[in-house]
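S.K.: Here is what each chain is made of, one letter per residue.
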Amino acid sequence: MTTDDAAGLVPFMMRRPGAPFPPPEYSEFRDRPGLVKAALPSGETVWLVTRHEEVRAVLTDPRISSNPTHEGFPRPSRTVGAPSADDVPGWFVSLDPPDHNRFRKALIPEFTVRRIRSLRPAVEEIVDRAIDQMLAKGTTAELVEDFSLTVPSLVISSLLGVPKVDRDFFEEKTKVLVTLTSTDEERDKASEHLLRYINRLITIKSKRPGDDLISRLMKGGLLTPQELSGVSMLLLIAGHETTANNISLGVVTLLQQKQWIDDDRAIEELLRYHSVADLVALRVAIEDVEIGGQLVRAGEGIVPLVAGANHDPEMFERPHEFDPSRSATGHVAFGYGVHQCLGQNLVRLEMDVAYRGLFGRIPALEVAVPLEELQFKYDGVLFGLHALPVRW
Amino acid sequence: MARISVDTGRCIGSAQCVLAAPDVFDQDDDGFVTVLDDNPSGEAETAARTARGICPAQAITVHD
Chain A
423 MTTDDAAGLV PFMMRRPGAP FPPPEYSEFR DRPGLVKAAL PSGETVWLVT RHEEVRAVLT
483 DPRISSNPTH EGFPRPSRTV GAPSADDVPG WFVSLDPPDH NRFRKALIPE FTVRRIRSLR
543 PAVEEIVDRA IDQMLAKGTT AELVEDFSLT VPSLVISSLL GVPKVDRDFF EEKTKVLVTL
603 TSTDEERDKA SEHLLRYINR LITIKSKRPG DDLISRLMKG GLLTPQELSG VSMLLLIAGH
663 ETTANNISLG VVTLLQQKQW IDDDRAIEEL LRYHSVADLV ALRVAIEDVE IGGQLVRAGE
723 GIVPLVAGAN HDPEMFERPH EFDPSRSATG HVAFGYGVHQ CLGQNLVRLE MDVAYRGLFG
783 RIPALEVAVP LEELQFKYDG VLFGLHALPV RW
Chain B
1207 MARISVDTGR CIGSAQCVLA APDVFDQDDD GFVTVLDDNP SGEAETAART ARGICPAQAI
1267 TVHD
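Each protein sequence line maps, in turn, to chains A and B. Going by this note's numbering, the first residue of the first sequence is number 423, and it counts up by one from there. Going by this note's numbering, the first residue of the second sequence is number 1207, and it counts up by one from there.
The hints are simulated quantities; they were obtained by calculation from the structure and are not laboratory data. Be a bit skeptical, because a hint or two may be false.
Said to hold, decoys possible - Partial list, computed: chain A residues near chain B (C-beta under 8 Å):
1) T482
2) R526
3) I530
4) T534
5) V535
6) S747
7) T751
8) G752
9) Y758
10) G759
11) V760
12) Q766
13) N767
Backbone N, C-alpha and C define an ideal beta-carbon position, used for all residues, glycine too.
Next up, chain A with everything else stripped away, as it sits in the complex (with noise of 0.2 Å):
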């Protein structure tokens, strides 16, 4: 590992051409004491937090905000991952309590253990689409672009009922956001072109209220229409390339441990071994905490790393090992505290009815090319594949 000798600082991000993940250099944050203070490429320094405890700490503790319009706040280029409420009304992970609650209130309905379950028929038939098509063109496929993506875009889509017709469309446009080699320019025009669909779709369910959630959270009440196109926006871009790349690592990780293929511990256990969203939770102290042993000041930048949380050998016996029988109960993969990921359980879903689907369907699947080959993407917010071939 390399560090800035004169300043003691490690470079942030880590960026590797490929596998494994979570990056190797976790494992010796974790060992240190305190803290460790990094560089963003913008020259600003963080906190890193790498500990299962202390990234839980971190995500409780009402003296560290998520909102990026305090001073400190990390910003891993000039948009990345982080709009403020005030850029973007209704970008309420961006909001901290008292000001979030509100939004969680008028979401959670939508997301509940019961809601989620009735939609599985609707997600199975989504799935089995995708796999027709797939079958249909041969033997082979590109399964990021095939299958992973288009999943989560149709569910995602059918939920806030966005017509079918314009998933490609939004398919390239979170494309762009999540891209850290995206230029800002290209960011900020994806995002714009997203926000006026969107809010042209609100229009048109305020005159003809559909049963969909974007219809129901109007009825409601409890968001005005320029809020409700926040929600939405930040729906679509969370529920959808974080599934997609779940779901592609997740191929690969069965295809390699068969015996787990249709066992249902397999889910959570996949979850914490890839813990996708390893840099999604972005914060800064708004008062003098100590995290760790580390005295962090009101002002400063920290990023509680997921993945690193994720694979503590403190939490997780042989953590870099994939073992559906151990619990993976207790990972933060969704996170934790008030932002946990809202969408969890639909995430869960997905996963369950995709493999179910790919792997009894098609019986002979297997990755077309060898492992070591394979796109991880590092160049991004999000861990995950560029592309899958598969064939079968």
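Based on these hints, arrange chain B on the given structure of chain A.
M.R.: Positioned in the frame of chain A, the structure of chain B alone reads:
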């Protein structure tokens, strides 16, 4: 046997308790936690303790 109480003011409706301990916890129509069995024993008690540990809002208390 252990007595279970929940702080509905803290609950964020993540439903992790419902998944971990379905005999002890449920969600109301608004998505907030409700307690089905406030005095679980055996497996249900163990499950309730797991739920307390994973609740992201730390809204569950197990009184020993």
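S.K.: For this structure, which hints from the list above don't hold up?
M.R.: The structure breaks only hint 6.
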